[in-house]
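Taken in sequence, the protein lines are chains D and R. If you're matching positions, the first sequence starts at 1 in my numbering and goes up one per residue. If you're matching positions, the second sequence starts at 1 in my numbering and goes up one per residue.
Mixed in with the good hints, there may be bad ones.
To be verified - Chain D regions said to be covered by chain R (calculated; three or more residues, Cβ under 8 Å): (1) 9-15; (2) 73-79; (3) 195-206; (4) 211-219; (5) 252-259.
What the hints assert, rightly or not - Distance ranges between label pairs, derived from CB positions: (6) R:Leu-97 with D:Trp-233: 27 to 35 Å; (7) R:Ala-88 with D:Trp-46: 36 to 44 Å; (8) R:Asp-163 with D:Ala-271: 14 to 22 Å; (9) D:Ala-116 with R:Gly-96: 41 to 49 Å; (10) R:Glu-218 with D:Ala-116: 23 to 31 Å; (11) D:Val-225 with R:Trp-81: 29 to 37 Å; (12) R:Ala-209 with D:Val-225: 36 to 44 Å; (13) D:Ile-126 with R:Asp-163: 38 to 46 Å; (14) D:Glu-145 with R:Val-12: 34 to 42 Å; (15) D:Met-306 with R:Glu-218: 47 to 55 Å; (16) D:Trp-233 with R:His-39: 42 to 50 Å; (17) D:Asp-2 with R:Pro-190: 41 to 49 Å.
Quick caveat, the hints were computed from the structure, so don't treat them as lab data. All figures in this text were calculated on a predicted structure; none of them were measured in a lab. Ideal placement from N, C-alpha and C gives every residue a C-beta, glycine not left out.
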Amino acid sequence: MDQQGLTRINTAWALFQGLLIEALPFLLIGVLISALARWLAPGGRWLRRLPAHPLLGPLSGAALGFALPACECGNVPVARRMLVGGAPLGTALGFLFAAPVLNPIVIASTWAAFPAQPWLLLARPIGAVLVALALSLLLRLIPEERLLQADVLAERQLNQPLSAVNLLQRRSGLVGIAATTATVQQESRQPMSRPPLQEVLSHGGREFMQLALLLVAGCVLAALVQTVLPRQWLLDLGSSPTGSILALMALSVVISVCSSVDAFLALSFAAQVTPGALLAFLLLGPVIDLKLAGLLGLLLRPRGLMLASVGAGLSVLLISQWINLWLL
Amino acid sequence: MAAVKSHALQAVALALWGLVLLRSSIDGRLDLLLRGVFHPLVSIAGLLLLVWAILLVLPLQGRRSKTAAPVVAEALTPRHWQSLVATALIAVLLIGLPPNPSFADLAQRRPGDDSSEAELAFVLPPAQRSLTDWVRLLRTQSDPRLYVGDPVRISGFVLPRNDGPPLLARLLVRCCLADGTPIGLPVRWPAGNPLPKADQWLQITGSMAVQQGLDGEELVVIPQRISVIPRPRRPLEP
Chain D
1 MDQQGLTRIN TAWALFQGLL IEALPFLLIG VLISALARWL APGGRWLRRL PAHPLLGPLS
61 GAALGFALPA CECGNVPVAR RMLVGGAPLG TALGFLFAAP VLNPIVIAST WAAFPAQPWL
121 LLARPIGAVL VALALSLLLR LIPEERLLQA DVLAERQLNQ PLSAVNLLQR RSGLVGIAAT
181 TATVQQESRQ PMSRPPLQEV LSHGGREFMQ LALLLVAGCV LAALVQTVLP RQWLLDLGSS
241 PTGSILALMA LSVVISVCSS VDAFLALSFA AQVTPGALLA FLLLGPVIDL KLAGLLGLLL
301 RPRGLMLASV GAGLSVLLIS QWINLWLL
Chain R
1 MAAVKSHALQ AVALALWGLV LLRSSIDGRL DLLLRGVFHP LVSIAGLLLL VWAILLVLPL
61 QGRRSKTAAP VVAEALTPRH WQSLVATALI AVLLIGLPPN PSFADLAQRR PGDDSSEAEL
121 AFVLPPAQRS LTDWVRLLRT QSDPRLYVGD PVRISGFVLP RNDGPPLLAR LLVRCCLADG
181 TPIGLPVRWP AGNPLPKADQ WLQITGSMAV QQGLDGEELV VIPQRISVIP RPRRPLEP
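The whole structure should be built from the sequences, with the hints applied where relevant.
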């Protein structure tokens, strides 16, 4: 291998380490919030009281972002806890897709990066809610059995009332096969009792390990693509209003940077792109990027992940086009 | 016994992740990878993971001595071992292979930083300005003639470019190396000498002058002294 190849591998390795080491603490925060919720509110009764209305559900899920400030990596374990706890699907999805933007840290960083552009301070959270609403409505078209991963679904059905899920679907109790994990069995026997701390630690540890390995895969992919693809190409593609939006959407997927700091990164090329493209960068990255793809795959089956990616892309494109029409 | 083993395996994996983060905090690699504000977060996360691992293992000692104590049943599956092996492999690679990025390679594949500060809080005397200070000052007061003859003492890495001699550059990082964007100043390299190598870190003492660039007049550093320096401990600029 020539010197340039070695140099590029070294750079890719450093990019990978940067992405991974920056994301791991946020992932840990998310897992800790999830474990705490499991310990404090076993069975997740409060989750099932969240609204299931097609519009109010995602809106209330999005609003939870203000209470649980974490970036997109940390949101995945919290959204998983909501899903397995029996929260209405739309509410959990609303949280998953909107909370990475709709939290105080991200709003403050957007304001700090763009103090002279108040429209962006409004457009980003409103856009994030609209994208989350669109995705929640879109993903409801797929039955839960085909949308959610098998282990999430099994645990979720145990935490849902029999009026919503029959015994065969619960796969435990009087009819059906035994539940897949001991954790699930224990929850089915004692849905209201607080689990022992040791069991919560073990469950959380397992979740962290699983998510960390998926995060590694996402970071490898993001680092390789960043090393191979010159970023200037993407910006050069975006000279037209629509082209600039598409280019910045692609850039946000590739860069895979945390939502709490992406506004500062956008500042570095804000003058080169249209306002709609700037908003597209700030809206799409927190919903889907290369680093997140593996983590989301823990919740959603490939079909759901594909639909969410396409739906997010289209809704961000529409919102950003409208912004360009308004501001250009 | 299976439950005990599965807890122990989990504890080892969590401890490995904790060690990776703590080792990164200690060996200085964070200065190469992340913006400073994130460093404490990485150290705290590493400590938390180690404590978590210890909490998982500690009660096992008690359980071994008091066999009557209930142990959460959990099957020890090949998946546990696969996760542990994968985690261990990644941890060994991360600890054993520290990052050694080429800033020039990275910067050549990135567009330059184009952000403009509305105003600078204060302006340092010319000889005390870093390369980043100069670039930011030029954005607020873009007339290069204002600075002709000012003394310069800056350091940075050599960034080759296609349309002219190399720049002396720095990487601005908002979060981690992945979002690094280059900024640079043109330098009138001494005639007759070979151009410096890409990625070489230099300290230049000299003065400012004006030259005709591609987009009109631009500020250029006229070196009086060029020294090769090792990469600084904190090479990234916020």
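Problem set entry | C-beta pair R:Ala-88, D:Trp-46: status relative to the range 36 to 44 Å that was hinted | holds, 39 Å
Exercise. Within 41 to 49 Å or not, the Cβ separation of D:Asp-2 and R:Pro-190?
Worked result: Between D:Asp-2 and R:Pro-190, where Cβ atoms are some 30 Å apart, the hint is violated.
Exercise. Taking a Cβ-to-Cβ distance below 8 Å as contact, does the region 211-219 of chain D have at least three residues touching chain R?
Worked result: Coverage by chain R holds here, the residue count being 3 at a Cβ distance below 8 Å.
Exercise. Mind checking, does the region 73-79 of chain D have 3 or more residues with a CB under 8 Å from chain R?
Worked result: violated (count 0)
Exercise. Between D:Trp-233 and R:His-39, does the C-beta distance stay in 42 to 50 Å?
Worked result: Given range 42 to 50 Å: violated, Cβ gap about 33 Å.
Exercise. Is the hinted range of 38 to 46 Å satisfied by the C-beta distance from D:Ile-126 to R:Asp-163?
Worked result: holds, 42 Å
Problem set entry | Coverage criterion applied to the region 252-259 of chain D (partner chain R; beta-carbon cut 8 Å; 3 residues) | That given contact holds, which follows from 4 residues of the region 252-259 of chain D lying within Cβ reach (below 8 Å) of chain R.
Problem set entry | Beta-carbon spacing of R:Glu-218 to D:Ala-116 - inside the hinted bounds 23 to 31 Å or not | holds, 26 Å
Exercise. Does the Cβ distance between D:Met-306 and R:Glu-218 fall inside 47 to 55 Å?
Worked result: holds, 49 Å
Exercise. Are D:Glu-145 and R:Val-12 spaced within 34 to 42 Å by their CB atoms?
Worked result: holds, 36 Å
Problem set entry | Within 8 Å of chain R's CB atoms, at least three CB atoms from the region 9-15 of chain D: coverage verdict | This one holds; 5 residues, not fewer than the three required, reach chain R with a Cβ under 8 Å.
Exercise. Quick one: are R:Leu-97 and D:Trp-233 within 27 to 35 Å, going by C-beta?
Worked result: Since the Cβ atoms of R:Leu-97 and D:Trp-233 sit about 29 Å apart, the hinted range of 27 to 35 Å holds.
In summary, the structure is inconsistent with hints 2, 16, 17 from the numbered list given earlier, while agreeing with the others.
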